[in-house]
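Engineer: So the chains spell out like this:
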Amino acid sequence: DTAVSQTPKYLVTQMGNDKSIKCEQNLGHDTMYWYKQDSKKFLKIMFSYNNKELIINETVPNRFSPKSPDKAHLNLHINSLELGDSAVYFCASSQDKGRAPYNEQFFGPGTRLTVL
Amino acid sequence: QKEVEQNSGPLSVPEGAIASLNCTYSDRGSQSFFWYRQYSGKSPELIMSIYSNGDKEDGRFTAQLNKASQYVSLLIRDSQPSDSATYLCAVKFLSGNTGKLIFGQGTTLQVKP
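Sequence order for the protein chains is A and B.
Numbering-wise (the numbering used here), the first sequence opens with residue 1 and increments by one.
Numbering-wise (the numbering used here), the second sequence opens with residue 1001 and increments by one.
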C-alpha cells in the first residue's frame, strides 16, 4: 500500500501557465508538508498543514497556494509558472504538528516540474 | 537563520569500508536529528533518527550525536555499492507550537566495488 502518493509524477508546462499537484496520505497522520528540491538537491520546506490548518508558511512567492480539503490531502496550486519553479516537489506527512521530538516525516515519490 | 551544513562530496569509499558522513547545525536548542537516504530520482527515505547524545546503532548504520559540539554523524559499516546515494541530514527546529525540518545540502556517497 502506498503511504504518501502524489500526482502527477511528471509535469511539463509552459511559462505563465497554472498547474496543480495533488498529495494523499493513508497513514492517518495529522500533518502534511510541501517541500521543494532544486537542481542542487537542496530540500526546503514550503508549507505545512495540520488538520486542514496552515501552520508553516515559509518565504514562498504568493503564486504558490496550498490547499488542504481534509487531513489526508494536501494540494499545491502554482499560478503564472516561471522558469525558476522547475524543481522536484515532495509531499510529506507526520503524526503531529512536529513539535514532539519523535516526529518523523515520510515522503511521497515527488513531482518533477519542468517549466519551458 | 537556522542552518544545517554537510560536505556535498562526493565521498568515495571502497566496498567493505566504513563510510563516515558528517553534519553540523546552528541551533543549540535542537533536540531531534534525522538521516535520510535519497537514491537518484527517488524520494528521501528515513534511515536513522537520534535524540540523545552518544551513539545509536541499527544494523550497519550508526548515528552519533554530540550536542555540545552541534555535530551529528552517520557511519555505514561494510559499505556496499547499494549504499551509493545522497545522504541528507535533517534537524528539527522548533517555532512556536510547531517544528520543522531543516535539511543539509546532502553528501553524495559512492561505494566502489
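If you are wondering where the hints come from, they were derived from the structure by calculation, not from laboratory data.
Treat the hints with caution; some may be incorrect.
Partner residues aside, some chain A positions facing chain B, computed with beta carbon under 8 Å [claimed, not checked]:
no.: 1; residue: Y10
no.: 2; residue: I45
no.: 3; residue: M46
no.: 4; residue: D85
no.: 5; residue: N103
no.: 6; residue: Q105
no.: 7; residue: G110
Think about it this way: if two alpha-carbon atoms lie no more than 16 Å apart in a straight line, the pair counts; the simulated EDC-like pairs of lysine to aspartate or glutamate are [to be verified]:
no.: 8; chain 1: A; residue 1: K71; chain 2: A; residue 2: D85
no.: 9; chain 1: A; residue 1: K52; chain 2: A; residue 2: D38
no.: 10; chain 1: A; residue 1: K41; chain 2: B; residue 2: E1005
no.: 11; chain 1: B; residue 1: K1042; chain 2: A; residue 2: D38
no.: 12; chain 1: B; residue 1: K1002; chain 2: A; residue 2: E58
no.: 13; chain 1: B; residue 1: K1112; chain 2: B; residue 2: D1078
no.: 14; chain 1: A; residue 1: K71; chain 2: A; residue 2: D38
no.: 15; chain 1: A; residue 1: K19; chain 2: A; residue 2: D85
no.: 16; chain 1: A; residue 1: K44; chain 2: B; residue 2: E1015
no.: 17; chain 1: A; residue 1: K44; chain 2: A; residue 2: D30
no.: 18; chain 1: A; residue 1: K67; chain 2: A; residue 2: D30
no.: 19; chain 1: A; residue 1: K36; chain 2: A; residue 2: D70
no.: 20; chain 1: B; residue 1: K1056; chain 2: B; residue 2: D1027
no.: 21; chain 1: B; residue 1: K1112; chain 2: B; residue 2: E1045
no.: 22; chain 1: A; residue 1: K41; chain 2: B; residue 2: E1045
no.: 23; chain 1: A; residue 1: K40; chain 2: B; residue 2: E1005
no.: 24; chain 1: A; residue 1: K9; chain 2: A; residue 2: D30
no.: 25; chain 1: A; residue 1: K44; chain 2: B; residue 2: D1083
no.: 26; chain 1: A; residue 1: K67; chain 2: A; residue 2: E104
no.: 27; chain 1: A; residue 1: K67; chain 2: A; residue 2: D38
What follows is a list of derived Cβ distance ranges for each label pair [what the hints assert, rightly or not]:
no.: 28; chain 1: A; residue 1: Q14; chain 2: B; residue 2: R1077; range: 25 to 31 Å
no.: 29; chain 1: B; residue 1: G1054; chain 2: A; residue 2: P61; range: 38 to 44 Å
no.: 30; chain 1: A; residue 1: P8; chain 2: B; residue 2: S1026; range: 21 to 27 Å
no.: 31; chain 1: A; residue 1: E58; chain 2: B; residue 2: S1008; range: 45 to 51 Å
Note that the structure is a prediction, hence the values are computed from the model and not measured.
Glycine included, every Cβ here is placed at the ideal spot set by N, Cα and C.
Engineer: Does each hint hold? Answer for all of them.
Structural biologist: For each hint, the structure was consulted:
Of the supplied interface hints, the one on A:Y10 is violated, with its beta-carbon coming no nearer than about 11 Å to a beta-carbon of chain B, more than 8 Å. With a cut of 8 Å, the hint placing A:I45 at the interface with chain B holds, because the nearest CB-to-CB distance is about 5 Å. With a cut of 8 Å, the hint placing A:M46 at the interface with chain B is violated, because the nearest CB-to-CB distance is about 10 Å. Here the hint on A:D85 is broken, as its CB sits about 19 Å from the closest CB of chain B, past 8 Å.
Interface restraint check: A:N103 against chain B, minimum CB-CB distance 6 Å, threshold 8 Å, status holds. With a least beta-carbon distance of about 6 Å to chain B, the hint placing A:Q105 at the interface is held under the 8 Å criterion. Satisfaction of the interface hint for A:G110 is found here, the shortest Cβ-Cβ separation to chain B being roughly 5 Å, below the 8 Å cut-off. For a cut-off of 16 Å, the pair hint linking A:K71 to A:D85 is broken: about 26 Å separates their Cα positions.
Proposed proximity of A:K52 and A:D38 is contradicted: the alpha carbons are some 27 Å apart, above 16 Å. With a C-alpha separation of about 13 Å, the suggested pair A:K41 and B:E1005 falls inside the 16 Å cut-off, and the hint holds. Distance check on the hinted pair: B:K1042 and A:D38 sit about 14 Å apart at the alpha-carbon level, within 16 Å; holds. A C-alpha spacing of about 13 Å is found between B:K1002 and A:E58, which places the hinted pair at or below 16 Å, so the restraint holds.
For the hint linking B:K1112 to B:D1078, the alpha-carbon distance of about 12 Å falls within 16 Å, and the restraint holds. A C-alpha spacing of about 27 Å is found between A:K71 and A:D38, which places the hinted pair above 16 Å, so the restraint is violated. With a C-alpha separation of about 11 Å, the suggested pair A:K19 and A:D85 falls inside the 16 Å cut-off, and the hint holds. A hinted pair counts as satisfied when its Cα atoms are at most 16 Å apart, and A:K44 with B:E1015 does not qualify at roughly 32 Å.
Pair hint A:K44 plus A:D30 does not hold up; C-alpha atoms about 20 Å apart against a cutoff of 16 Å. Between A:K67 and A:D30, the direct Cα distance comes to roughly 15 Å. Compliance with the 16 Å bound is thereby established for this hinted pair. Proximity of A:K36 to A:D70 is assessed by CA-CA distance (about 22 Å); at most 16 Å being required, the pair is judged violated. With a CA separation close to 21 Å, the supplied pair B:K1056 and B:D1027 exceeds the 16 Å bound.
Taking the CA atoms of B:K1112 and B:E1045, the gap is about 22 Å. The hint is violated against a cut of 16 Å. Proposed proximity of A:K41 and B:E1045 is supported: the alpha carbons are some 14 Å apart, at most 16 Å. Restraint check for A:K40 and B:E1005: the C-alpha separation of about 14 Å stays at or below 16 Å, so the hint holds. Restraint check for A:K9 and A:D30: not satisfied, since their Cα atoms lie roughly 24 Å apart, outside the 16 Å limit.
This hinted pair does not check out: A:K44 and B:D1083 have alpha carbons roughly 24 Å apart, beyond 16 Å. Proximity of A:K67 to A:E104 is assessed by CA-CA distance (about 22 Å); at most 16 Å being required, the pair is judged violated. For a cut-off of 16 Å, the pair hint linking A:K67 to A:D38 is broken: about 22 Å separates their Cα positions. Between A:Q14 and B:R1077 the C-beta distance comes to about 49 Å, which lies outside the given range of 25 to 31 Å.
For B:G1054 and A:P61, the hinted distance range of 38 to 44 Å is satisfied, since their beta carbons lie about 42 Å from each other. Between A:P8 and B:S1026 the CB atoms are about 36 Å apart, so this pair departs from the stated range of 21 to 27 Å. Between A:E58 and B:S1008 the C-beta distance comes to about 22 Å, which lies outside the given range of 45 to 51 Å.
Violated hints for the displayed structure, listed by number in ascending order: 1, 3, 4, 8, 9, 14, 16, 17, 19, 20, 21, 24, 25, 26, 27, 28, 30, 31.
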